[in-house]
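Chains as they are written, first to last, in our numbering: chain A, 1 to 344; chain B, 1 to 344.
Worth flagging that the hints you see were computed from the coordinates, not collected in a lab. Wrong hints could be hidden among the right ones.
Repeated chains share a single entry, so a pair holds when one copy, or any two copies, can fit it.
Stated by the list, open to error - Below, simulated DMTMM-like cross-link-like pairs (lysine to aspartate or glutamate); rule was C-alpha separation at most 20 Å, straight line:
#, residue 1, residue 2
1, Lys80, Glu192
2, Lys254, Glu324
3, Lys2, Glu111
4, Lys2, Glu112
5, Lys136, Asp7
6, Lys136, Glu112
7, Lys136, Asp113
8, Lys136, Glu111
9, Lys161, Glu43
10, Lys254, Glu233
11, Lys42, Glu112
12, Lys161, Glu207
13, Lys2, Glu192
14, Lys2, Glu43
15, Lys136, Glu307
16, Lys254, Asp113
17, Lys2, Glu132
18, Lys136, Glu43
19, Lys80, Glu307
20, Lys2, Asp202
21, Lys42, Asp113
22, Lys32, Glu43
23, Lys2, Asp113
24, Lys136, Asp317
25, Lys136, Asp290
Number of protein chains: 2
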Amino acid sequence: MKVSIFDVARQSGLSVVTVSRVINNAPSVRAKNRDKVLQAMKELGYHPSAAARSLARGRTGIIGLILATLQDSLFDAIVKEISDRLAEHGYFLALTVDTGANGGAGRLIYEEDRVDGVIVLSPMQEDGYEQELLQKRIPYVLVDNQQPSPTAPSVVVNNDKGGYEAARHLISLGHRHIAHVAGPPEFLSSMERERGFVRALDEAGLEPWRIERGGFDTETGYRVASSWIAAGELPGAVFAADDHVALGIIDACKNAGLRVPRDLSVVGFDDQFLATALRPALTTVRQPADQIARRAVELLLAAIGGETHEGSAVQVDPELVVRESTAPPPAAEANDLTKEGERS
Amino acid sequence: MKVSIFDVARQSGLSVVTVSRVINNAPSVRAKNRDKVLQAMKELGYHPSAAARSLARGRTGIIGLILATLQDSLFDAIVKEISDRLAEHGYFLALTVDTGANGGAGRLIYEEDRVDGVIVLSPMQEDGYEQELLQKRIPYVLVDNQQPSPTAPSVVVNNDKGGYEAARHLISLGHRHIAHVAGPPEFLSSMERERGFVRALDEAGLEPWRIERGGFDTETGYRVASSWIAAGELPGAVFAADDHVALGIIDACKNAGLRVPRDLSVVGFDDQFLATALRPALTTVRQPADQIARRAVELLLAAIGGETHEGSAVQVDPELVVRESTAPPPAAEANDLTKEGERS
DNA sequence: TCAAAAAGTTAAAGCGTTTAAACTTTTGTG
DNA sequence: CACAAAAGTTTAAACGCTTTAACTTTTTGA
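Let the hints inform the model, and build the full structure from the sequences given.
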């Protein structure tokens, strides 16, 4: 039933080690014999056993992925990219979802030496894993982690720059009254976006019209914008720390009979599915899932290869994507800072 | 460095078999000795090697998941649930994404006996995998497959019923002019939703106001609704075969100054993230990701256990979720079919 | 009390590869 | 053409666990 390397050896009249060499296309096998082996393999429908290989080589060819949720469009994109990149290098992805509720379920994936390395993709602090991975000497990389670890290779988005770019865009359109709806203060990413935002305004000699805090969700945007409208005051533009928040803001405007971007310019953050699905399509700061994934894989493979770049934190730059939700304020046409290309 | 079962045996002064028995909590071990072993394991930080186990037992404890995309909110939910359910049974998930472009990349996951079983979660026909899985005698289950396979265990949503329920809801609210925006005709799921929709109208003595076809995307909804509005005619209600389509319809209405549900009632299909994020929150037909996942895992584990339910196709029922995007038509208050509970 | 049954233990044989070391054949050089 | 070096091939020993068969100790009951 099961066909092993011995069967191939017998069939081809050679030894198992020759067969092994052919399989791993190692040198030291005569072309003629190589063909014999390949022939025998085909005839028998042979495929090497991953388990036996893992045991003999001490490597599994599997990368473990621990993540907090799959239901996040940015994570989706990252996971898909990671999967693709790993496949190119002959690795598979095995995943566990650690919801926080199932207390360290992620642990299971590396406990039995199932994996050659681990990617921790999580929005919240997960130092629990770090300790163990470090101690067990399992190569790992932290992605989009909120608590920057000095000891680990990690990939993070330059959120500060994202916030800065968003603000610059609005300023250059001619806006003077610019608000910010930030995420939860315990999210480092949110605080960094805010910091970049404030810096840009500062450089332009502006004060934030107002800074509000809430969740990364639609409700927050809706609530905040509604309260402004109810109070009868509105900024000229707003930078939301998340596309979902932007959606809430735009919805509140629509429901109040206001038009985006005519009455209010809105910039979001993420640029996943939602941004293009909205009308008006959202001007937003793109989190480059492909780059994040690529760098994460690079870092991990380097670590597996034994290159110990301790604490190498890679930053990838987000990118402003201008669509339809931003425009110059109605009164003033764009001021001297306006760049041609930024009108959608 | 590496601590094996022998180390534990030496440390505890017992044989490896005894240790093995403790690990697999098999009988025939004195309580006292069991404790000794557990103690030794803890002291040494021992964990059995998955590879050695797989090799010796002929099972891996890993389930392969082949999917077409991760960037689909329903799939997300299903994958997460599958992961959870499998974890309960001591299995891990290894995944490959077959985009169609990378020609059968899914194959890699089961070729080297890496997995004990495979779940194929894919919206398009994937009979290529079926042939091979069948031939290699690897247990598998098809989930949400568009081409029903008579030979394989599979889990599908009762789309016909979903379409029927959606239509019933609108009819019972008093609507008489009901349109449908369907998905691509090559999607079996879409055709079934349409069939259920038409049947419900038929039973009520109604004709569809109009049936349009397009993609499962926002553009389609926007385009179709805009064309109705431009032509100056609008149904009283519309059933969209997908929440994204519903979003497009609602957007088109908002942009034309029409209100949902006052001027148009809208029902979607899916009930993932989007449905609750929208204003008005979407009345929609929920695809029960949790049930789908649970049944899929049940079926697969049964197959792995050797129970060959050939061609057992499990259907799960979708469920209408009434929110804010549907209401009785303005003229007539709800007719006699209205059920109390269905007002949101 | 003693044989039989039950409980627990030990040694040994796989599981399907890889790899180090040894052996054999081919190649190249003076 | 001989002989060392290089290339090709094979034997044997891991890799870390499970499982079977055989052996030893403890318990049971007439």
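Hint by hint, here is what the structure shows:
no. : hint            : result
1   : Lys80 - Glu192  : neither (26 Å within a copy, 30 Å between copies)
2   : Lys254 - Glu324 : both (15 Å within a copy, 16 Å between copies)
3   : Lys2 - Glu111   : between (29 Å within a copy, 13 Å between copies)
4   : Lys2 - Glu112   : between (26 Å within a copy, 12 Å between copies)
5   : Lys136 - Asp7   : between (38 Å within a copy, 17 Å between copies)
6   : Lys136 - Glu112 : within (11 Å within a copy, 27 Å between copies)
7   : Lys136 - Asp113 : within (10 Å within a copy, 27 Å between copies)
8   : Lys136 - Glu111 : within (9 Å within a copy, 30 Å between copies)
9   : Lys161 - Glu43  : neither (58 Å within a copy, 48 Å between copies)
10  : Lys254 - Glu233 : within (16 Å within a copy, 23 Å between copies)
11  : Lys42 - Glu112  : between (33 Å within a copy, 14 Å between copies)
12  : Lys161 - Glu207 : within (18 Å within a copy, 56 Å between copies)
13  : Lys2 - Glu192   : neither (57 Å within a copy, 42 Å between copies)
14  : Lys2 - Glu43    : within (14 Å within a copy, 39 Å between copies)
15  : Lys136 - Glu307 : within (17 Å within a copy, 39 Å between copies)
16  : Lys254 - Asp113 : neither (54 Å within a copy, 55 Å between copies)
17  : Lys2 - Glu132   : between (38 Å within a copy, 15 Å between copies)
18  : Lys136 - Glu43  : between (43 Å within a copy, 14 Å between copies)
19  : Lys80 - Glu307  : neither (26 Å within a copy, 33 Å between copies)
20  : Lys2 - Asp202   : neither (70 Å within a copy, 56 Å between copies)
21  : Lys42 - Asp113  : between (32 Å within a copy, 17 Å between copies)
22  : Lys32 - Glu43   : within (17 Å within a copy, 54 Å between copies)
23  : Lys2 - Asp113   : between (25 Å within a copy, 10 Å between copies)
24  : Lys136 - Asp317 : neither (32 Å within a copy, 46 Å between copies)
25  : Lys136 - Asp290 : neither (29 Å within a copy, 35 Å between copies)
Violation of the numbered hints given earlier is confined to hints 1, 9, 13, 16, 19, 20, 24, 25; the remaining hints are satisfied by the structure.
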